[in-house]
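Residues per chain are reported as follows:
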Amino acid sequence: MTEAIHVDALVKTFGPTRALDGLDLSVRTGEVHGFLGPNGAGKSTTIRILLGLLRADSGSARLLGGDPRHDATELHRRLAYVPGDVTLWPNLSGSEVIDLLGRLRGGLNTKRRDELLERFDLDPRKKGRAYSKGNRQKVALVAALASDVDLLILDEPTSGLDPLMEEVFRQVIREEQQRDGRTVLLSSHILAEVEALCDRITIIRDGRAVETGTLADMRHLTRTSIVVGLAGPATGLDTLPGVHDVQIHNGTVRFDVDTAALDAVLRQLTTVGILSLTSQPPTLEELFLRHYDRTQADGEHQTRVTR
Amino acid sequence: MNSLTGTRALARLALRLDRVRLTVWVLGLAVMPMGTAANYLSLYPTEADLRAVSAVLANPSLVALSGPLFGVSIGGLTVWKIGVTEFILVGLMSLLTVVRHTRTEEETGRLELIGATVVGRYAPLTAALLVTALANLAIAVLITLGLLATGLPAGGSLALGLATGLVGMLFAAVAAASAQLTQSARAASGLAGAVLGGTYLLRAVGDTGPIWLSWLSPTGWALHLRPYAGERWWVAGLFIGIAAVFAIVAYRLVAHRDVGAGQLPQRLGPAEASPALRSPLALAWRLHRGLLLSWTIGLALTGAVMGGAAAGIGDLQSPNQQLTDILTRMGGSNGLTDAFLAAIFGITGMVAAAYTVQATLRLRQEESSGRVEALLATPVGRLRWAASHLVFALLGTALLLAVAGVAGGLGYGVQIHDVGGQIGRLLGAALVQLPATWVLAGFGTALIGLAPRFSALAWAALIVSVLLVELGALFGLSEWIVDATPFAHVPKLPGSAFTVTPMLWLTAIALALGAVGLAGLHRRDVPVA
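From first to last, the protein sequence lines are chains U and X. Going by the working numbering, the first residue of the first sequence is number 811, and it counts up by one from there. Going by the working numbering, the first residue of the second sequence is number 10, and it counts up by one from there.
Just so you know, not all the hints are guaranteed correct.
A short list of chain U residues far from chain X (calculated; beta carbon distances all over 12 Å) [as the list claims (entries may be wrong)]:
no., residue
1, Arg872
2, Leu1001
3, Ile1036
4, Ala1041
5, Pro1043
6, His1054
7, Arg1064
Covered stretches of chain X, going by a simulated chain U footprint (3 or more residues, C-beta under 8 Å) [said to hold, decoys possible]:
no., region
8, 288-301
9, 375-386
Quick caveat, the hints were computed from the structure, so don't treat them as lab data. The structure presented is a predicted model; accordingly, all values stated were derived computationally and were not measured. Here a beta-carbon is modelled for each residue, glycine too, at the ideal position from N, C-alpha and C.
Please take these sequences and the hints and turn them into a complete structure.
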């Protein structure tokens, strides 16, 4: 089996709100898949459907070859989940929660648990009510990562963690990736995190997947920023297809160019004579913002209630 | 900015948040004395009736339950019948209100949000006390006016209204202090509630034995203010003095602590879970055990006190026929003692049902807090999860009733030298209540499964049942209305014949409701906020 998660045309409404509007998602076995979208795009709803907690109105979802709702119990033995908003039992200590969740999944690796507690710098003896948001998040992370499972479903796992701990999280996930067969679905709105960890990405907005593929694929669809010093006047540059936002200042030309048009544009520039050249590859951030802007400008989407 | 800045805005917010809740409390508490007085006016029209019934009320068991009867008059009887209930309920209302607007706000972090605005250090506590004082003032005024309207003397009516309001304010102050001590709101309410329960027990023991014990208890003071029996207005000073002490302690504690912190130390938990903590049931035990333990202790004490008090009933000479009728209607037909015991266990059943509802609704609490999500993402199915909590609602109530029965049997049996016989008899009297409590568990489960946002209606079902059974006979409501409550069908043991049919019906209804609820839970989305 090559697909750990396959979601097809999933629709879920909450009263008048259409949280998922024909979502497609495909996560291959063994990959770290970034699930990227702004708040209220439908990430958590998708994950809850995958966990069998919510029932989809239409569309299909398959998880580890089973039906998320019908086979929930068997499937949950093979996955671990970190909720987006971790709440703990106020009178249970952190270690009690970690051990309980691990045992319910059929056992946890105590050596790994202790190592993770050490790395995340978490005091497991505190009671649930005494933990800060970040520490509650760590409890859920340790519980999930210390279990021996095929699939990790992480819903904005680093919200509330400090930058040091985010780095620890990234290291741990990279190690997970190296253990064979582990699949990770990482929902996030932190682009740097997704950029650093993920093999493939799905961008979701208003309950629909607007882009999916590898980071390289997506960069292909985006623009590179170029600053070039030219020997002569940059005549005809702004008329070339794929060139945008040209600014000329004392012989220095700044512009953005569609990745597909890069070759033709550079050929044109070399005929004038290049003195200096700086190019900046597109960041995921720009990619994300462009999707965001595009749909914002779209009047049909603007009126829709998002959650 | 002074330390009270923002009090008015916070008080307005609290009133806005509590507009329905407090209105219901205030109206409920205001109507009860008036209704009771009106009822007695028609029940005992002549002086002779009053004398006859008053002679009966002097017996120790009834004194332990409701306090001594101070005035042989309609007003005096009204105070006797409804006074202690009013005092307990107004205390409960006040302590819950104060904790809700202080420690709950703090625990949830909302106070932090508010505290960062222009709000003085003492403002939240002051606002909570102000709102509670307003509610108590409304109750006092409405009780006084209501009793005046039924034609009772002005002095006594004012005294009962005043006593009720003062008990409320005293427990508001107690809760203000307890809310500074603990970090969790539940523990703060628990602490103040324990003080309230303790004062009831002190008064029950003091009124039947050493009278000075009763003077240690605010619910005792309220009776000793003697509405309609030569009012002793100076007793009001006791309330004001003690309430002031608690309030001062509360303000001093606020001044010297951090937001979010308590005074009682936070204990650390174990660094590794005990090997037993490995199933949903083990988790449920952790979550329910504190509640179950405190209820067990409470019902054991109540059972023992009531059983002991029942022994005094047999000494009565030629009781008033009408009261015997009332007790018989509430209790059974074979002897006044059995009737009293049956009435007591009927009440015990309804009290235990409060635990049943509380335990059932834990299921919903686990959901709305979001904790269930992590749990249901493990191989635990939702029916298994639900069952782990419902076990406590069903079997926990059985335990509570059994404990009350055994304690009652001990208390009564020791007095009449028949421990062995009485334990069995009263255990039976307690356990027949079980199917009726299960109906409430079933109803709660049905709500959770089908209409989770309205699951608190399970409390409404309990309250309506209690009111119908307790007041239905007294107010002469039609039989079929009273029959709509599960408790109307419980055999009145000891004394009456035991019939198994209603028990089977109640159990079947409980199971059907539970099954509907579980089916709904199985189908629906989880979590529903």
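Each hint, compared with the structure:
At the 12 Å boundary, the C-beta of U:Arg872 stays outside the reach of chain X, the nearest C-beta of that chain being 17 Å off. In this structure U:Leu1001 is separated from chain X by more than 12 Å, as the shortest Cβ-Cβ distance comes to about 26 Å. Against chain X, the non-interface label of U:Ile1036 holds: every CB pair exceeds 12 Å, the least being about 46 Å. The Cβ of U:Ala1041 lies farther than 12 Å from every Cβ of chain X, with a closest approach of about 59 Å, so its non-interface assignment holds.
The claim that U:Pro1043 is not at the interface with chain X holds, since no C-beta of that chain comes within 12 Å of its own (minimum 58 Å). Listed as outside the interface, U:His1054 is consistent with that label: its C-beta sits roughly 44 Å from the nearest C-beta of chain X, beyond the 12 Å cut-off. Distance check on U:Arg1064: its Cβ is at least 43 Å (rounded) from any Cβ of chain X, clearing the 12 Å threshold; non-interface status holds. Beta-carbon proximity to chain U at under 8 Å applies to 7 residues in the region 288-301 of chain X; the threshold of 3 is reached and the given coverage holds.
Counting residues of the region 375-386 of chain X whose C-beta sits closer than 8 Å to any C-beta of chain U gives 8, which meets the bar of three, so the coverage hint holds.
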